[in-house]
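Got chain P sorted already, so can you dock chain X onto it with the hints?
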Amino acid sequence: MPVITYREALNQALREEMQRDDRVFLMGEEVAVYQGAYKVSKGLLQEFGEQRVVDTPITELGFAGVGVGAAMVGLRPVIEFMTWNFALLAIDQVVNAAAKMLYMTGGQFNMPMVFRGPNGAALQLAAQHSQAWESWLAHIPGLKVVVPGTPYDAKGLLKAAIRDDNPVCFLEGEMLYNTKGEVPDEEYVIPIGKADLKREGDHVTLITHGKMVLVALQAADQLAKDGIRCDVLDLRTVRPMDVDAIAESVRKTNRAVVVEEGWELCGVGAQVVDYVQRTCFDHLDAPVLRVHQADVPMPYAKNLEKAAKPDVPKTIAAVRQVLYLDR
Amino acid sequence: MTTTKSTRRRGAAATAPAESAATPAASTAPAPSPADRRALHRELLYSMLLQRRFEERTAEMYAIGRIGGFCHLYIGQEAVSTGIISQLRPDDYIITTYRDHGQALARGMAPNALMAELFGRIDGCVRGKGGSMHLFDKALGFLGGHGIVGGHIPIAAGVGFAIKYRGGDQVIVCFMGEAAVNNGAFHEALNMAGLWKLPCLFVIENNRYGMGTAVERASAINDIYKRGASYDMPREMVDGQDVFAVRDAAGRAIARARTESMPTLLEIRTYRFMGHSMSDAVSGTYRTKEELESYLKRDPIALLKSRMEEDGDLTEADWTTMDDEIKAIVQGSIDFAENSPEPPIEALFEDVLVDTTSD
Chain P
1 MPVITYREAL
11 NQALREEMQR
21 DDRVFLMGEE
31 VAVYQGAYKV
41 SKGLLQEFGE
51 QRVVDTPITE
61 LGFAGVGVGA
71 AMVGLRPVIE
81 FMTWNFALLA
91 IDQVVNAAAK
101 MLYMTGGQFN
111 MPMVFRGPNG
121 AALQLAAQHS
131 QAWESWLAHI
141 PGLKVVVPGT
151 PYDAKGLLKA
161 AIRDDNPVCF
171 LEGEMLYNTK
181 GEVPDEEYVI
191 PIGKADLKRE
201 GDHVTLITHG
211 KMVLVALQAA
221 DQLAKDGIRC
231 DVLDLRTVRP
241 MDVDAIAESV
251 RKTNRAVVVE
261 EGWELCGVGA
271 QVVDYVQRTC
281 FDHLDAPVLR
291 VHQADVPMPY
301 AKNLEKAAKP
311 DVPKTIAAVR
321 QVLYLDR
Chain X
1001 MTTTKSTRRR
1011 GAAATAPAES
1021 AATPAASTAP
1031 APSPADRRAL
1041 HRELLYSMLL
1051 QRRFEERTAE
1061 MYAIGRIGGF
1071 CHLYIGQEAV
1081 STGIISQLRP
1091 DDYIITTYRD
1101 HGQALARGMA
1111 PNALMAELFG
1121 RIDGCVRGKG
1131 GSMHLFDKAL
1141 GFLGGHGIVG
1151 GHIPIAAGVG
1161 FAIKYRGGDQ
1171 VIVCFMGEAA
1181 VNNGAFHEAL
1191 NMAGLWKLPC
1201 LFVIENNRYG
1211 MGTAVERASA
1221 INDIYKRGAS
1231 YDMPREMVDG
1241 QDVFAVRDAA
1251 GRAIARARTE
1261 SMPTLLEIRT
1271 YRFMGHSMSD
1281 AVSGTYRTKE
1291 ELESYLKRDP
1301 IALLKSRMEE
1311 DGDLTEADWT
1321 TMDDEIKAIV
1331 QGSIDFAENS
1341 PEPPIEALFE
1351 DVLVDTTSD
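Protein sequence lines, in the order shown, are assigned to chains P and X.
Note that the working numbering has the first sequence beginning at 1, numbered continuously upward.
Note that the working numbering has the second sequence beginning at 1001, numbered continuously upward.
Rather than coming from a laboratory, the hints here were simulated on the basis of the structure.
Cβ atoms here follow ideal geometry from the backbone N, Cα and C, with glycine treated the same way.
Hints may contain errors.
Far from chain X, by Cβ distances over 10 Å, these chain P residues were calculated [claimed, not checked]:
hint : residue
1    : M1
2    : A37
3    : L88
4    : P184
5    : H203
6    : A224
7    : Q277
8    : R290
9    : A307
Selected chain X positions facing chain P (Cβ under 7 Å, derived; list incomplete) [claimed, not checked]:
hint : residue
10   : I1122
11   : V1126
12   : K1129
13   : H1134
14   : G1151
15   : A1157
16   : A1162
17   : A1189
18   : M1192
19   : P1341
20   : I1345
21   : D1359
Below 30 Å or equal to it, Euclidean Cα-Cα: the simulated DSSO-like pairs (lysine-lysine) are [as the list claims (entries may be wrong)]:
hint : chain 1 : residue 1 : chain 2 : residue 2
22   : P       : K39       : X       : K1164
23   : X       : K1138     : X       : K1289
24   : P       : K159      : X       : K1327
Chain P on its own, in the form it takes in the complex:
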């Protein structure tokens, strides 16, 4: 099977879906002539032309709204935010327009559109460029929120997102774009809302998504050296959340750690813990612990940034704690 980068996987998904459906277009800052700030849209302008690969002014609220309007009358926009940090300027369109349109029109106008771009921290980008927004977005009924962690999932889920007749927020990662993985040549689409068990074990469940999938897998590798076997459950989609997969794994292992990039309060992990305590109460042998970003804006200094981020050692420490190996 070919091994390609996460970036190439996204590029393939966009290309295939634009070939498949001429209502699909890509719009955002630097997506066309510049070939994408992170080169995700490389070559698309040359293949599809400027009508379907559209450079915008720096006007996030504006072009997000253009996407909403185009979706209202039958097109299938893919709106790229250079990063999700900049999407805050456009959040009125995501929340007040895209998410609510179907409901407040009594079912008349669905929103077949994708908002996508990199999410979360990269390296030393400091407070305004290092934020993970999935818990914010997951709070909103009317949205789907997809956070793929591997090239295979990125491609299959982006294709599903573009074909979905609902608004989908698709959160990538700057630090993921160069990661590699197996992606088959033949077409496939991954259903939105299905978690994936990335690694099987029976001692503890690591529940995670997005960039933290790699962290959880590395932690599981290291823990395996001490004979600790982890289930690594990649949620892949945080709204809707695959609660059945969470319950199935936790009922098997009786212990869980949630690893996420965002902040603690009202984070995705808080929701996971809620599901776990409601559905697995009698199966738990330890409180569920969470690994997340420190409750501070992201600092610039390398040592402080490292201290703020969730990582492999913090994940290992949490796993050992739920196993009562360390107190």
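Chain X alone, transformed into the frame defined by chain P:
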């Protein structure tokens, strides 16, 4: 006609002065026959009077608790909705703000569906999910009914983008209040519409007040149409109490959008005869009774009625017949709404997501 600027538009065959502060002379189209004129003017009067009578009863229904939430009346501004919308084709699109009853009726939304929506009933135009601020009708190309000031203006640009993408010759009309122009969404949307030459007609209904803040207290320039210069967009100021002036300006702008894919900014000067919403007294703390009374003298319906009487197109009996007919329709809409069931409780979880894909 006072043309303050008449430079030819760069890169486009201009058919109108870029900027005019008053309504230019009537179009060069041949004058309609008296019968056609009479029929048209009666349609315009009917449209405006339906809005007026509907909203008078709306206020009454609000006062007795049949209608809840926020409710913003359009009374005094009817020449704007009727003047613009009477120039549209059935396949054109309209998007507007939360002050949307008038435009919905002018576009042909059934009074029954509108009143039932205000009552929060299942036969409402959006099944009781939206209320006064969120009227939609896909079949009429009526795209809402939006509650966040300025939020719908980029959506209008998106509809224009889609029209152009598909190679169609439809037009999207975007109504907004004058206070929305101080919002970033207005600037972002008009910049893209100007940059990409989208077939949009942006209609600013300048009713003088953004809630209680007078335009002079909110905008660095008071001739708001001049902002169109920033977007290289043809622009006009229009008397919004004169339905013919509105129609003429709309006709020019719509033709420009349809044939040249050129957006236009119209500032239509009008006045709201009621408070901002049902909780705001009619004159309030921010405007005087004298000011209100001076504007009441230019009631758009009274002006059209006088004109038709002068032309010999309307007798007092005609007026009474029309008014009675409309009042009966409005009463019928109230009866309809009263008898329409509340949405079933299952509707609570309906229409959050669809379960379809393009596969």
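Verification of the supplied hints:
1. No Cβ of chain X comes within 10 Å of the Cβ of M1(P); the nearest lies about 24 Å off, and the non-interface call holds.
2. With a least beta-carbon separation of about 19 Å from chain X, A37(P) lies farther than 10 Å from that chain, consistent with its non-interface assignment.
3. The Cβ of L88(P) lies farther than 10 Å from every Cβ of chain X, with a closest approach of about 13 Å, so its non-interface assignment holds.
4. Once the 10 Å rule is applied to beta carbons, P184(P) is consistent with being away from chain X; the minimum gap is 19 Å.
5. Interface exclusion of H203(P) from chain X stands, the closest Cβ pair being 37 Å apart, more than 10 Å.
6. Every CB of chain X is more than 10 Å from the CB of A224(P) (nearest about 39 Å), matching its label as outside the interface.
7. Every CB of chain X is more than 10 Å from the CB of Q277(P) (nearest about 24 Å), matching its label as outside the interface.
8. Against chain X, the non-interface label of R290(P) holds: every CB pair exceeds 10 Å, the least being about 28 Å.
9. Every Cβ of chain X is farther than 10 Å from the Cβ of A307(P); the closest lies at roughly 37 Å, confirming the non-interface assignment.
10. Hint on I1122(X) is violated. Least Cβ distance to chain P is approximately 9 Å, over the 7 Å limit.
11. The criterion of a C-beta within 7 Å of any C-beta in chain P is met by V1126(X), whose closest approach is roughly 3 Å, and the hint holds.
12. Look at K1129(X): its Cβ gets to within about 5 Å of chain P, closer than 7 Å, so that hint holds up.
13. Of the supplied interface hints, the one on H1134(X) holds, with its beta-carbon coming within about 5 Å of a beta-carbon of chain P, less than 7 Å.
14. Hint on G1151(X) holds. Least Cβ distance to chain P is approximately 5 Å, under the 7 Å limit.
15. Given hint, A1157(X) at the interface with chain P, holds; its Cβ is 5 Å from that chain's nearest Cβ, closer than 7 Å.
16. Interface hint at A1162(X): satisfied, since its Cβ lies 4 Å from the closest Cβ of chain P, which is below the 7 Å cut-off.
17. For A1189(X), the shortest C-beta to C-beta distance to chain P is roughly 6 Å, which falls under 7 Å, so the interface hint holds.
18. Given hint, M1192(X) at the interface with chain P, holds; its Cβ is 6 Å from that chain's nearest Cβ, closer than 7 Å.
19. A least Cβ separation of about 14 Å between P1341(X) and chain P goes past the 7 Å threshold, and the interface hint is therefore violated.
20. Taking 7 Å as the C-beta cut-off, the interface hint given for I1345(X) is violated, the closest approach to chain P being about 15 Å.
21. Evaluation of the D1359(X) hint against chain P yields a held restraint, the C-beta minimum of about 6 Å falling below 7 Å.
22. This hinted pair checks out: K39(P) and K1164(X) have alpha carbons roughly 27 Å apart, not beyond 30 Å.
23. Restraint check for K1138(X) and K1289(X): not satisfied, since their Cα atoms lie roughly 40 Å apart, outside the 30 Å limit.
24. Between the alpha carbons of K159(P) and K1327(X) the distance comes to roughly 54 Å, so the proposed pair goes past 30 Å and is violated.
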